[in-house]
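Below are the chains, spelled out letter by letter.
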Amino acid sequence: MVKMSDYAGKPPAWCPGCGNFAILTAVKRALVELDIEPYRVLMVSGIGQAGKLPHYTRCNVLNVLHGRTLPAAAGAKIANPELVVIAVGGDGDGYGEGGNHFLHSLRRNHDITYLVHNNQVYALTKGQASPTSDLGFVTKTTPHGAWMPLNSLAVAIAAGGSFVARGFAGDVDHLVGLIKKGMHHRGFALIDILQPCVSFNHKNTHAWYRERVYKLEDTDYDPSNRLAAFEKSQEWGDRIPIGVIYREDRATFEEQIPALKKGSLVKQKIDPRQVEVLMQEFV
Amino acid sequence: MPVDVNLMLGGEAGQGVQAAGYVMAKALARGGYHIFADQDYESRVRGGHNFFRIRAADREVGAISEALDVLLDFNGESIDLHKKELADKGVVVFDKDKVKNIDGSINHFGVPLEQLAEDAAKNKIMSNVVALGVTMSLLNYDLDLLGNVVSEHFGAGDAGKANVAAATAGYQYARANFKGDFIKHLSPTGRSKRMLLDGNQAIALGAMAAGCKFVAAYPMTPSTSIMEYMAAKADDFDLVVVQPEDEIAAINMIIGAAFAGVRAMTVTSGGGFCLMVEGLGLAGMTETPIVVVDGQRAGPAIGLPTRTEQGDLEFVLHASHGDFPRVVLAPATIQDAFWITVKAFNLAEEYQLPVIILSDQYLASSYATVETFDLSRVEIKRGQLLPESEIAKSGEYRRYEITPSGISPRALPLQQRALVVSDSDEHDQEGHLIEDAETRTAMMLKRLRKLEGLRKEIAEPRIYGPAQAEMTLIGWGSTYGALKEAVDLSNRDGLKVNLVHLNEIWPFPAEAVTQALQGTKIRYAVENNATAQLAHLLRAETGYQVTGKILKFDGHPFSPGDIVRELKKEVA
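Top to bottom, those sequences are chains A and B. Quick note: the first sequence uses our numbering, first residue 230, plus one each step. Quick note: the second sequence uses our numbering, first residue 28, plus one each step.
Simulated from the structure, these hints should not be mistaken for lab results. Mixed in with the good hints there might be a few duds.
To be clear about the criterion: a stretch of chain A counts as covered by chain B if any three or more of its residues have a C-beta under 8 Å from a C-beta of chain B, and this derived list gives those stretches [what the hints assert, rightly or not]:
#	region
1	275-288
2	460-473
For lysine-lysine, the following BS3-like pairs were computed, each having C-alpha atoms within a straight-line distance of at most 27 Å [stated by the list, open to error]:
#	chain 1	residue 1	chain 2	residue 2
3	A	Lys410	A	Lys232
4	B	Lys149	B	Lys188
5	A	Lys444	A	Lys369
6	B	Lys211	B	Lys111
7	A	Lys409	A	Lys490
8	B	Lys420	A	Lys232
9	A	Lys239	B	Lys127
10	B	Lys206	B	Lys111
11	A	Lys496	B	Lys125
12	A	Lys491	B	Lys260
13	B	Lys596	B	Lys523
14	B	Lys149	B	Lys123
15	B	Lys596	B	Lys111
16	B	Lys110	B	Lys123
17	A	Lys410	A	Lys369
18	B	Lys206	B	Lys220
19	B	Lys595	B	Lys548
20	B	Lys149	B	Lys127
21	B	Lys123	B	Lys188
22	A	Lys498	B	Lys260
23	A	Lys498	B	Lys596
24	A	Lys232	A	Lys355
25	B	Lys111	B	Lys125
26	A	Lys496	B	Lys408
27	A	Lys239	B	Lys420
28	A	Lys490	B	Lys260
29	B	Lys260	B	Lys408
30	A	Lys496	B	Lys420
31	B	Lys125	B	Lys188
32	B	Lys123	B	Lys211
33	B	Lys211	B	Lys110
34	A	Lys369	A	Lys239
35	B	Lys188	B	Lys116
36	B	Lys548	B	Lys576
37	A	Lys491	B	Lys596
38	B	Lys420	A	Lys498
Even glycine gets a Cβ: it sits at the ideal position worked out from N, Cα and C.
With the rest of the complex left out, here is chain B (with noise of 0.2 Å):
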């Protein structure tokens, strides 16, 4: 039997629902099991209903599953809002002195949480920590494993080991006074030396491994964190990372820096991205490379601020007025978080164009045990930066000279002496303004031609599943664990579905996708938006249409159960 196991922490903003979701993911991670785990919470900095879901297995897994084999409640309100997604001998652990009116056809298991943490600990704020400690022993798993993250997580000095106490606490009274009917046993199969991290810490530590070395960034949910963990590193790691005004000031400020000469990121949401349009233009005009994140959210507008969406597809595609290339990446997974935002750096400066990344709220907050990314394979491509020698040769300087691949060698003021000269304005190749027609057209085509050398980039569209089936689902981005998984439980039940699924985006790998839909007669597109984003793009490049949609515009992202629900119903 494959190893499979659900938990979940419910309670309030403030009760460290996170910080003991993260510890417990950490602590089952290092006993060897690949972990996928997601958050979800209010628009709000204290109350409100949030949650953290892990899922332990011991395969590699990329989607939340449904049935929860323990939930955790710390306020009461979990139990109700959740019970429904309880397994089959689900077990609710909660505070018995604090929920007294507890639903009898539940299974079920009170422990004075409060109580425990307030003895062993002396601070009642602790059971949360005493409630990981029950969950341990309800999974008989290894309390000392439990206790080395509980105090590397909150340090070795006091607080560490009130903590670690508590833990412990926790897992005594359980083993004390357990006598529920609770199947779900997870011993450690080893130490792993997996990392368990997030997408958007995936993002970060690419940027920081392309050698990004300028960040600019106005706050916004679902991206601060990245440059929130780029600050922490930003003195010992050389480099700078600003917080301006606004966002306009932010692609502004990127502009300049990857002008001079370094690489430069700045990373928002939708609503932050409406601001950066003009500048994004501004990249393409006078060719700067500049890579930008748009950690999507529900919109228009706020939208739903903490909650996840593929909303932005066709707006980041089409952003700016007039035409000028431009590279969408959209990573699937948290590995390629890392990969995709490395080769973004590099797709920059090579073409010397914007690139965005278009990740999500979901992928942003997800964690997931990653093998520890292979920093030999990361190659640093600056594209035709001019070194020194090479500039102290050649005569007067053309910052945007006519070649037949589009890209112009590119100086670095104050590199020798060369002048460099870049214009918002249409420009001649030294970067002054002009008018003239015939100028305006060879520029035109001139950027324009990056789009042929840029196809050859793109990665091809992943294909999975059996290669003969009948249905076949498409989509792009962050949905693809829960895609993957789907087509492996409809192939169990008797469905026969695979999938195309695309993290590169933009130039549209039209060629590719049209091999792997030749022959597909049911194609769902299955994407977490209102009106099928990726399907427009599909018809209009590829000229397949799709027979079927699956849509999901809550704010929550897809499960695999999801999937294969709408699928069954596509069939009946």
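Chain A with its partners taken away, still in its complex shape (with noise of 0.2 Å):
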């Protein structure tokens, strides 16, 4: 049986308080409770505090680009999709810099679980506006308040998503079953993460998050109609819901490919003879 310990990297240096730590908490124990092995894992990771998580556990590690996470993460999935594949980002490395690439991975449906540390707020640069920082919040390169946030559950329902969901973390407990829900999910999961950032966001912070967060799991609430999702994921004031919002069973893009209907594509044979075929081709 795999163990917390299994997976205890090096200490952490995020600020005291940083939500980021119940995520990382939360990341071990949902991989120890589904009793995955370390070395199953790969984490990939871009830049940001939330790049550095990956970092604090023990499994095989990826550290990219900023916003480059989501395509590095699918290129060794589709390598060897016998990889337990995590990708952890920020909310301006996955919306921001990875835009492009956040929508088109939904659209392919990567076998992948996504983890967006959203805490409305670029902290590592110390503290601008971020692509979900609410409506007017202001920070040193936003002066007039920043402008309208990006929905991004909404935004992947529309891409395409085949898990959507949010989690709080504050509540660690919910958020190690949505991890979990989005780890047996096949297809790619996404898991917003509201995260209070208590050096640079003092707008949206644990006790705001606290008088507004219900779970989805405590009402009658359908994750699989669509358009009731895309009108839940607009929730956003004095209630926020938490929960799985929409989920669908959907082919993934390496279910879709021939070759790797065979097995991995580390474990294919190179044989530069199976060419001479094809030479004759142009003879």
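Hints given; two lone chains; assemble the complex.
Quick look at the structure:
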């Protein structure tokens, strides 16, 4: 049986009180509860405070560039579908710089779990507005207030996401459950995680979220209805839903590739002689 | 007399210029001739002016010659555009029902091309194949050889039969009606086993022979056909070709795939490579083996999208911030394109770094007859990829172990229980990010040490022509064929000229180039770019300065004649 200590990494360099600690605990607990050994896991991350998370666990790690987490994760998953691939990033990383990759990864439905630490602010560069900052959020780079926030859940549903969920770093038990559901899901699982930033976001604080967050599991909400999911994704303000917003069963990218039906590309033999028959086509 | 025949087919996009040209080239290749063919097309789907040039000779040729023996005109326009290129007694073939005011000073043969196509095949679109029949008759070539290639190309069904009928109609019409003076005869010399393929096909075959299992690329002229060819073969050859959202995704995908353990490649042109530069640095920092093909076209920005240039050399050498080792290879010929691609995959994995193949539009879409590649010579060298047994024995795996060669033994995720940690931040030997000066320095030196080993891998320049020459031409990449022939032509005309040519450029083979240039007095850089980029590199790496430059940057490749004319101007 896998234990929490199997995933023990280096001590994190995050601010005391950061929501990332809870997310780190939730990720490790989910992996332990699913009994997945570290060597089977590949965590891919970009740049930002969230991007450091893989370094604070023990597993295979590919730490790439700001915003480029998803294509790198997809490449690894295609090359070796036996890897359990978890992509980790922040809101700036994933929805700003990586916006195009986000849209198309949803559409292609790679079998990857994608955790977005959404603190609505750029923390590593010390407090600028992010794509998800609330309207009017004043920072040094947005002295007149931030623009319309990107509704990542609505975008994900519209772009063809097959598993769209929201978690809250202030509720680790619930988040563990969501991550497990996301990892069980065949296809691209987006889990947007509300994560208070104690240093730079003095609006969307722990207390602010606690007053508003409620669990969809406690209601009679049905996540299989795409239109209802789109409507639910618009709920933000006095009440903020967490849980699975939308889920559908659809073929994954990897399942649709004939070459992958024979197993991992990594295990395919290299044989230059196979080109002999192709050369004859040019004679 | 050496046999050397030049043909051109010209018409609009959509008139089958390329298909007819390919069929003709293949029929001539089957008859035992050596072929070199290139094409020129505009950035549009229908209309415009396109041409396909074929040179057939009784010896290997690596460039197009300028004097046309037959010009096949499909739309009336090609006559005006190309009649100045006609050789003595060169003949123009055109549709006499469509082109009326023919210039009486040129040798011409009007044929009712569409009418014959309609009569023989009930389809006037096959007039291009009628014209092939006409040409083969003028050349005294074997109709059956043409017919075989036509039916292979168009299939054994009705379409194939109709096209064979169209070719036959053209052949017979010319037999009965051509009364002009045409002396170039090309009887088949025997069935040849040589391949006829273009540079991109050679790169694709090289990649597949080398065991490339993953290609991610965004379509961009002139490299698209590499991914298209490999995508067509993917299901049968256990590889995956993905067209993602952009070039940024493409290079990051192959980095992910290569990290996971497969040989991976992306193909693009300079504009796409611009977007990949960030990823190139990631491959450098994470020491991930990847192969990137930059099929150069004229830049900057969109430039001339379907035309050729060697304008990216300095760009690919310096692309990305910071210092890290890389390899730059520039195939000179279609054979080179295959072997250099194989070598690229080996160097990428042996040295764990990005390898850039610098091709161009001209090489990408030129065809040549080449012997089938000897696959027994293809070696797969995966470098220090640890076998499972060794990983099992070792303790905690360190991805970036500091070694004298700078190369760290490589494990793959899911191999045994080794944990592989790879990081874009500066990192320690385990792969975790660091900021201390000592580790940074050690890691930087480790990576740069790879250059010492790499220098021994790079091929020496090719030297051609007389050892003692008055003038030395210096070139790189796809200009090789034209340069080689220019050397022959110049020496025949009494100039004493030789050639130093590079097809593997970085790390720069400074010692070998220095040796090759010792004793030279007049040195011309001959490059398909506006600023003589190789000449800069030559000066930086060897101290040698060129004494003159022959540069062409109008979007078109050099012909041997271009180079000889410029040389003669210099001498005069």
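The hints, checked one at a time:
1. Counting residues of the region 275-288 of chain A whose C-beta sits closer than 8 Å to any C-beta of chain B gives 5, which meets the bar of three, so the coverage hint holds.
2. Three residues within the 8 Å Cβ limit are the bar, and the region 460-473 of chain A against chain B gives 0, so the coverage statement is violated.
3. Of the supplied pair hints, the one linking lysine 410/A and lysine 232/A holds, its CA atoms being roughly 20 Å apart against a limit of 27 Å.
4. With a C-alpha separation of about 12 Å, the suggested pair lysine 149/B and lysine 188/B falls inside the 27 Å cut-off, and the hint holds.
5. Simply put, lysine 444/A and lysine 369/A have alpha-carbon atoms about 34 Å apart, too far for the 27 Å limit, and the pair is violated.
6. Taken as a hint, the lysine 211/B and lysine 111/B pair is honoured in the structure, with Cα atoms around 19 Å apart against an allowance of 27 Å.
7. At most 27 Å may separate the alpha-carbon atoms for a hinted pair to count; lysine 409/A and lysine 490/A meet this at roughly 25 Å.
8. For a cut-off of 27 Å, the pair hint linking lysine 420/B to lysine 232/A stands: about 24 Å separates their Cα positions.
9. Our distance criterion of 27 Å between C-alpha atoms is broken by lysine 239/A and lysine 127/B, whose separation comes to about 84 Å.
10. Using a Cα cut-off of 27 Å, the hinted pair lysine 206/B and lysine 111/B holds, with the two alpha carbons roughly 23 Å apart.
11. With a CA separation close to 60 Å, the supplied pair lysine 496/A and lysine 125/B exceeds the 27 Å bound.
12. For the given pair, lysine 491/A sits about 16 Å from lysine 260/B by alpha-carbon distance, which is consistent with the 27 Å threshold.
13. Proposed proximity of lysine 596/B and lysine 523/B is supported: the alpha carbons are some 15 Å apart, at most 27 Å.
14. Using a Cα cut-off of 27 Å, the hinted pair lysine 149/B and lysine 123/B holds, with the two alpha carbons roughly 19 Å apart.
15. In summary, the hint linking lysine 596/B to lysine 111/B is supported, as the alpha carbons are separated by about 21 Å, within the 27 Å threshold.
16. For the suggested pair lysine 110/B and lysine 123/B, the alpha carbons sit about 17 Å apart, so the restraint of at most 27 Å is met.
17. This hinted pair does not check out: lysine 410/A and lysine 369/A have alpha carbons roughly 39 Å apart, beyond 27 Å.
18. Restraint check for lysine 206/B and lysine 220/B: the C-alpha separation of about 35 Å exceeds 27 Å, so the hint is violated.
19. Note on lysine 595/B and lysine 548/B: the hinted pairing holds, with a Cα-Cα distance of about 17 Å set against a maximum of 27 Å.
20. With a C-alpha separation of about 24 Å, the suggested pair lysine 149/B and lysine 127/B falls inside the 27 Å cut-off, and the hint holds.
21. With a C-alpha separation of about 25 Å, the suggested pairing of lysine 123/B with lysine 188/B holds against the 27 Å cut-off.
22. Among the hinted pairs, lysine 498/A with lysine 260/B is consistent with the structure: their alpha-carbon atoms are about 16 Å apart, no more than 27 Å.
23. Restraint check: the Cα-Cα separation between lysine 498/A and lysine 596/B comes to about 56 Å, which exceeds 27 Å; the hinted pair is violated.
24. The hinted pair formed by lysine 232/A and lysine 355/A fails the criterion: a straight-line CA distance of about 35 Å is larger than 27 Å.
25. Our distance criterion of 27 Å between C-alpha atoms is met by lysine 111/B and lysine 125/B, whose separation comes to about 21 Å.
26. Distance check on the hinted pair: lysine 496/A and lysine 408/B sit about 16 Å apart at the alpha-carbon level, within 27 Å; holds.
27. For the proposed pair lysine 239/A and lysine 420/B, the alpha carbon gap of about 25 Å is at most 27 Å, so the pair holds.
28. Proposed proximity of lysine 490/A and lysine 260/B is supported: the alpha carbons are some 16 Å apart, at most 27 Å.
29. Of the pairs offered as hints, the one joining lysine 260/B and lysine 408/B holds, with about 24 Å between alpha carbons and a cut-off of 27 Å not exceeded.
30. Distance check on the hinted pair: lysine 496/A and lysine 420/B sit about 21 Å apart at the alpha-carbon level, within 27 Å; holds.
31. Of the pairs offered as hints, the one joining lysine 125/B and lysine 188/B holds, with about 26 Å between alpha carbons and a cut-off of 27 Å not exceeded.
32. About 23 Å separates the Cα atoms of lysine 123/B and lysine 211/B, which keeps this hinted pair within 27 Å; it holds.
33. With a C-alpha separation of about 18 Å, the suggested pair lysine 211/B and lysine 110/B falls inside the 27 Å cut-off, and the hint holds.
34. In summary, the hint linking lysine 369/A to lysine 239/A is not supported, as the alpha carbons are separated by about 33 Å, beyond the 27 Å threshold.
35. With a C-alpha separation of about 34 Å, the suggested pairing of lysine 188/B with lysine 116/B is violated against the 27 Å cut-off.
36. At most 27 Å may separate the alpha-carbon atoms for a hinted pair to count; lysine 548/B and lysine 576/B meet this at roughly 14 Å.
37. For a cut-off of 27 Å, the pair hint linking lysine 491/A to lysine 596/B is broken: about 63 Å separates their Cα positions.
38. At roughly 24 Å between alpha-carbon atoms, lysine 420/B and lysine 498/A fall within 27 Å of each other, so this suggested pair holds.
Of the numbered hints listed earlier, those contradicted by the structure are 2, 5, 9, 11, 17, 18, 23, 24, 34, 35, 37.
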